[in-house]
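Whenever a hint applies, use it, and build me the whole structure from the sequences.
Chain by chain, the residues run as shown.
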Amino acid sequence: MKSPKSAPELLDQFYLHIRSALIETAAAFDRIQAAEGADSAWQDSRLEELREAARIIQEEEPERARRILELWSVKEEASS
Amino acid sequence: MKIIEPHVHMIARTVQDYERMARMHTVAICEPAFWAGYDRTSPQAFHDYFTHISEFEPTRAAQYLIDHYCWICINPKEAEDVAFSREVISFMPEFLSKPTVLGVGEIGLNKNTRNEMIIFAEQVELALKYDQLIWIHTPHLQDKLKGTRMMLDYLEGHGGVDPNRVCFDHTEEHTLPMLHEKGYWTAMTVYPVTKNSPERVIDLVEKFGLERMIVDASGDWGPSDPATLHDTLFQMRLRGHSDREVETLFYNNPCVFLGQSGKFKPQPTF
Ligand SMILES: [Zn+2]
Chain G
0 MKSPKSAPEL LDQFYLHIRS ALIETAAAFD RIQAAEGADS AWQDSRLEEL
50 REAARIIQEE EPERARRILE LWSVKEEASS
Chain U
0 MKIIEPHVHM IARTVQDYER MARMHTVAIC EPAFWAGYDR TSPQAFHDYF
50 THISEFEPTR AAQYLIDHYC WICINPKEAE DVAFSREVIS FMPEFLSKPT
100 VLGVGEIGLN KNTRNEMIIF AEQVELALKY DQLIWIHTPH LQDKLKGTRM
150 MLDYLEGHGG VDPNRVCFDH TEEHTLPMLH EKGYWTAMTV YPVTKNSPER
200 VIDLVEKFGL ERMIVDASGD WGPSDPATLH DTLFQMRLRG HSDREVETLF
250 YNNPCVFLGQ SGKFKPQPTF
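Residue numbers (numbering that gives the first Met the number 0), protein chains in the order written: chain G, 0 to 79; chain U, 0 to 269.
No lab work stands behind these hints, which were simulated from the structure alone. One thing to keep in mind: the hints can contain errors.
As the list claims (entries may be wrong) - Ranges between beta-carbon positions, derived for each pair:
| id | chain 1 | residue 1 | chain 2 | residue 2 | range |
| --- | --- | --- | --- | --- | --- |
| 1 | U | Asp130 | G | Arg54 | 47 to 57 Å |
| 2 | G | Leu49 | U | Met0 | 51 to 61 Å |
| 3 | G | Ser19 | U | Ser96 | 49 to 59 Å |
| 4 | G | Val73 | U | Pro222 | 43 to 53 Å |
| 5 | U | Leu237 | G | Leu21 | 16 to 26 Å |
| 6 | G | Ser44 | U | Pro222 | 18 to 28 Å |
| 7 | G | Ser44 | U | Ala82 | 28 to 38 Å |
| 8 | U | Lys97 | G | Glu8 | 43 to 53 Å |
| 9 | G | Ser19 | U | Tyr37 | 35 to 45 Å |
What you are looking at is a predicted structure, and each value in this text was computed from that prediction instead of being measured. Just so it is clear, CB atoms sit at the ideal spot from N, CA and C, and this is done for glycine as well.
Printed below as a string of structure tokens:
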């Protein structure tokens, strides 16, 4: 079941949403960095996972959402 | 167009939600048995809860011309105590025979522990013994992928479970594909922050098609909103899909899955 909309139409439809999500993300990083205790928060592994997600967004490879959710999942044991 | 809300915990919602859903053309809703936000102190508390969702909520819903159905189970968040859970399971059959109870759910995993898995398996057996549909809760956030795989592996290894009679709920991009491929029903929950957004649900539908796909808002006692189901319907229309396709996802599909119970009254339009 393909999208009835073309890619340029989808870009028009979602451009402002994407822009908003990115500026909110940037501002939230700034907020955390500017506050007291920023050094320890900056070491939190959750922030590193968020940075890694931002890297995935920039890749050419598709299925970014799936790959980001996998990155945010507990690692499964090799056996059992 | 009529809408079905396949997952909402009305015990935690006000009458204004019934009113809003009625105004948004919701004609039937389903309430799976789940955690109350605190651990219940006795198995008897579950008996009272099951009575509430199978007898009282339908009368509240009826005032808004909404059919209320429910699912019965010991939920994964309270399944860690095996002996306690078995006491609850012992009186589930008396509820499964009630006219508005659709099956066993929402069973599943929370922290993916051994005990949770034992109680999950025992409730799958109960569902099979009483020929009931199964509604599965998949864990939250970072535990979702592992827990979904554990339950899928269990059901695939079991051999006696018909995937067409099982729905996995709260699926996302990383868990839906493996379930869809094996023939299970998959539900996508739209939450304001965690789980899916309306946009991502329609992305998944465009990628995997309409077959065996369900959408719900899972309104409960936390940050959630029954209207996110309707936001998703609107998103599907904005994305250019036909009314027929929209009706399939938000009305006919739940009718088909839930209709297998023999108790669900709304009929598909095709
Ligand atoms: Zn629920």
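Distance restraint hint 35 to 45 Å, applied to the beta-carbon atoms of G:Ser19 and U:Tyr37: Between G:Ser19 and U:Tyr37, where Cβ atoms are some 36 Å apart, the hint holds.
Range hint compliance [Cβ, G:Leu49 to U:Met0, 51 to 61 Å]: violated, 39 Å
Outcome of range test on Cβ distance (G:Val73, U:Pro222; 43 to 53 Å): violated, 23 Å
Range agreement (Cβ of G:Glu8 with Cβ of U:Lys97, hint 43 to 53 Å): Since U:Lys97 and G:Glu8 have Cβ atoms about 49 Å apart, the given range 43 to 53 Å holds.
Supplied distance hint 47 to 57 Å, evaluated on CB atoms of U:Asp130 and G:Arg54: 50 Å Cβ-Cβ, so the 47 to 57 Å window holds.
Cβ separation of G:Ser19 and U:Ser96, checked against the hinted range 49 to 59 Å: Taking Cβ atoms as reference, G:Ser19 and U:Ser96 lie about 51 Å apart, which means the hint holds.
U:Pro222 and G:Ser44 - C-beta distance against the hinted 18 to 28 Å: holds, 24 Å
Cβ distance range 16 to 26 Å for U:Leu237 and G:Leu21, holds or violated: At 21 Å between Cβs, range holds.
Outcome of range test on Cβ distance (G:Ser44, U:Ala82; 28 to 38 Å): holds, 37 Å
The structure fails hints 2, 4 (numbered hints given earlier, in ascending order).
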